[in-house]
Structures are given as C-alpha cells and as structure tokens.
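Asks: Going down the list, the sequences are from chains F and P. Count along the first sequence from 1, add 3, and you get the number used in the working numbering. Count along the second sequence from 1, add 1, and you get the number used in the working numbering.
Just so you know, these hints were derived from the structure itself, not from any lab. Note that the structure is predicted; figures quoted are calculated from it, not measured. Don't take every hint at face value.
[Unchecked claim] Ranges of calculated distance between the beta carbons of each label pair, as one might list FRET restraints:
1) F:Glu37 <-> P:Asn209: 30 to 40 Å
2) P:Glu131 <-> F:Ala33: 21 to 31 Å
3) F:Asn145 <-> P:Ala347: 23 to 33 Å
4) F:Ala68 <-> P:Val216: 49 to 59 Å
5) F:Ser30 <-> P:Gln190: 37 to 47 Å
6) P:Thr198 <-> F:Ala159: 16 to 26 Å
7) P:Asp174 <-> F:Ile32: 49 to 59 Å
8) F:Gln71 <-> P:Ser386: 15 to 25 Å
9) F:Gln77 <-> P:Lys391: 31 to 41 Å
[Unchecked claim] Partial chain F-side listing against chain P, Cβ under 10 Å, derived:
10) Glu96
11) Ser119
12) Pro135
13) Phe139
14) Glu141
15) Ala159
By construction, the Cβ of each residue, glycine as well, lies at the ideal position given by its N, Cα and C atoms.
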Amino acid sequence: MKKLSYLSSIFLISFCCYCYTGQTYASSIAFDQEQFSLMKKQNKGKQWLMLLWSVDCPACFKELAVIQQLQHQQDNLAVVIINTDANNETTQERIEIIEKFGLSHVSNFHFLDGKSEQSRYIIDSNWYGELPRSYFVESNGNFHGKSGLIKPAIIAQWLLN
Amino acid sequence: MSMSMLSRSTLQIIVCTLLIFTAANVVKAAEHSHQAMQAKTEQQAVCDETKITCAKTVTSVFAPNGDLWRLWAINSSMYFQVSIDNGLTFSATNRIAIDKEKISARNENRPKIAFDKYQGVYLSWASPKEKKYTADIRFAYSNNNGKTFSTPITVNNDNLLTGHSFNEMLVTDEGDISLVWLDSRHAYQLNLQGKPTNGSSLYLAKANFRKNHKVFSNQQLANNTCVCCRIAMDYNNNGDLAILWRHIYGDNIREFALLTVAQKTVAQNKSAQHEPEQKTPYQISYDHWKINGCPHQGGAISINNNNRYHLVWFNQGDLGKGIFYASSDDQGKSLTKPISVGMQSAQASHPHMNTNGNNIDIVWTQFTGTTHQLWHQRSIDNGKSFSKAKLLATASSGSDRPFIIKKDDVSYVSWHRPKQGHWIKAL
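Here chain F stands alone, though its shape is the one from the complex:
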C-alpha cells in the first residue's frame, strides 16, 4: 500500500509538471555577443535554424507561421527566433505576435532598443537588415544566411528529424 501511495504521488507530480511545462511562457532574452556565444554553444553539434524577424515585415509572419505549423509535427524544434526591431515602442507588439503564433516557448531573443546595427554586426557584418533573414546552421557550426521568405519545405527538411 505504501508503494501504491508512492507511485500515486510520482504520477500526480509528473502530471502537474507536464501541465506546467506545457504552458510555460518564456521571456524573450536581450540579444548580445554573450547570448550569441551561449546560443551557439547550446546548439553545438546540432543542425539548427536562426530566424530573424520584425513587426514591420509581412513576409516574416509567413515564416513564423511555418515554424508554428512544424511545432505540431515535432516538439523541441532546433530553432531560435530573434526580433530585430530594436525599439522599445514595439515591445508589446512583439510579445503579442509571438504569443499569437504560439511560439512563446521557443527560444526567443530581441535586439535592444537602438542596438539594431550592433546586433546585426555580431551575427553577420555582411547582412544589411533585410528580412526575413534565416541562418541555416550545420552541425559543424557553419552558418548559411539567406534573405527573404524560405520555402516551407526547405525549413521542414532542415528542422524535422
């Protein structure tokens, strides 16, 4: 009976933990050199995608929608989403859009107010801010940048195991 109680408690606690983690809201993290290094370290050895977007970029929304769709097919997509607005005035809008696309639990970053060029430069000194911008990162750490909307099939092929 004692064993039964023990098992019940494990089950209930696991259930609660599942309920909790399934609805976690992760805050967006301010992007800087340190965070970028950490991001690369955390994804080391993986094939992953870094997607950059802005609230002023209609095409970016289509790419966010693709990620939203892929989430339904596979948990824990190796994707990092970075907002490039670098503008405190758009913070609320940014949060609402990420929530609307159900991407709050994905790894989210944002450029700090007034740090647009600095942040871009950290990522890629040859990128001029055109959007959407996608970096396909190979498991050996090589980055391949592409501007403009990427075909959903290509993103799916890259992210789905």
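Here the structure of chain F is known, so what remains is to put chain P in place on it, guided by the hints.
Replies: Frame of chain F, contents of chain P only:
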C-alpha cells in the same frame, strides 16, 4: 495500513500535488506577468516625448521664408520646433494641435511636412489601424503657419481596412499638393477573389486647400511595388512629378523604377515641348536583388535646373551590391553607368541626395561595429566625378536615415541620432 489511513495518505498526496500545481501556475503567471511588466516598463522608460532625443525619426524642411522646421512623432502626437538660424537654435517644442491618433514613425515610415508661400503648413502621415499592416494616409493643413491645423482627413478614398503607408508629399508655393503612397487596395480585392498578389500599388493624390479643392483625387500609377521601402519624388523642370520607388519585377526581383507623371494636358505638353506622357515606368537598377521580403531601403531622386535626373539607391543583388548613383537626361529612359558609393564592407546604406546647380551631394550611413557614421560625397561637375568621401559625424546609440535639405543655394544634411540628438549642418 488501514483503509482510512490509505485515504488520508492519498488525500495528503493529492493536496500536496495540487499545491505544487497551483504554485507552478503562480510561478507561470508571475513569469508571464513579469514579461508583460517588462514590456510595460520598457515602454514607460521612453523619455519625455516633447524632447527630440526621444524620437526615432525626424523630418526637417526649410519653409519658403527660410525658417527650418523639424517634426517628430511619439505616442500618437506630432511635435515641431522652428529655427530661424539654420538649426543653431530652435524654438520651444510645439505639439501639432490635432486629436491624438497613431502615427507611423520608424525606419522608412515617418510623417511629412511641407509649405506654401502663404503661411500654409501641410502635414501627412500614415495612421495604423486596428488590424496589423493596415493604415490610412492622413492629412492636416494649417493656414496660419502652424498655429492651428484643420481636422485631419483620410487621403485614400477606398474606405478599406488595408495597407496605405510610406507617404511622401510635395507642395508648390501656390499650394498644389502631391501625395504618393503605397496602397494595398488592389491586393485586397484580389485576395477577396482568391487570386494571387505580390506587392502593393503606387498611388498619387492631389488637392489644393488654398483654392478650396479639398477632396483628394486618387490615381493608381503602378502595381506590384515593394511593400516596405520609402518612395522618393521631385518636380522636374516642367513641373511634372518624377517618382522613384522599389518595384517587384518577375519572380521577386526588387529593382528601382521611375515614372514621370505629366501634370498638364497632352496639348500643353506639346506646346511646352514636354516629353510624351510616360505610361510604363522605367526600370532604373539592374542589380538583380531577388528577395521575397523587406529590403527596408528606399532610394532618392533630385532633379537639377538642367532637368537632369540624379538618383541613388541601395541593392544587394547578384549583379550589384551597395549604394549606387546614376543620372539621366531623358527622364530615366537611359542612365549613366551607375557609380558605387560608400564602403560596402562597412555597411554603407540608406543613401540620400540632393542637387544644387551642378553640385550633387550624397550622404549615407556606415557602421564600424560599434559606431554609426555619417558620410558625404560631392560632385561639382553634375555627377561626372565625385570628391573623396568625407566622414561628417558619428553616433553611438542608433541612427535615423540621413537627408539633404536645401535653403536657396545651400544644402544641409539632417541626421537624427536617437537618444543623442538631431544634427544639422551646412554641406
């Protein structure tokens, strides 16, 4: 263990797990609320909106009487200051006396201001609506040098909840208003019919409030324009409007296009030896920038007194990367060979230009990795050759687009540096 003990034990476990669950949700809610709070705090951290340092964008223009006006928008209000000494000192900040409404004022989008020679002040802006990527082009007029303004009106006449933005405005001394913008009404209608669309349309509106022509005409000039780059325009020597914008050619090739819109009748055109009315825009750039997205980089045009069109643009195509300058003496039908401007490796971008007689001034921004730079290059032979590029100013906490404005025969560069201040200097 008795049955009652089992029930008590199970009950304890359930209560315990419920408590954990509740605690977890409290943490989650707190996290979420913290996120919302953070957003609120970041927004609240914005400084005094009457201070220009708080603005993300600034629009500067010299009025016909020589006064320099600068305009910015924050939190649904527009503010202006006036300088009578070419930008050395400015008046106290004045709020544009109209009801509050949303105003697009970041990156390529910003309110515009223009003047006639009868103390008329003209304002236009894009006002975002409740649905994402929808906005109206708005307009207000003052006949008393900005003391009061008319109740704002909507310029686009489609009454549709769709995109209308990236407004540009020119006003003649006599008060003839020309307003252009990117308009999504055509795409909206096609979407309703389930047809594919790509890009927006270019629209032109005209009115003259001094002459009591207060209803703006709406004329579509082109389809398939890029949706997120500013438009540029100037009057040519015939008083016609020359408009430069980023167009979508073929499969998302984003190149610049130029159209000169005749202001007069064909008969008048013939008698005045005007160029024939242009129906199809001329393609200006051939850099082959293929991108299904937002370049966020418009061009600039300036026409000097020998009717030569001078143009700058930015592209990142397979055939051309960076800033380019070219000119045309036949309204864009043929072009000089584009000259590369600025250091591509130093993020040279956001060019603007102006002409003054045979002087051609080009400004642009570069970035060192830590510092924003404003650069300038001048030609004194109508664009045939240019002096060595010169660094004019730097910024540490952000950079607005630079612009060259004119007062008589002197050109000035206007560059807003958010959090640092608006910088203006004679070139």
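Asks: Sort out which numbered hints this structure fails and list those numbers smallest first.
Replies: Of the numbered hints given earlier, those the structure breaks are 1, 4, 8, 9, 13, 14, 15, listed in rising order.
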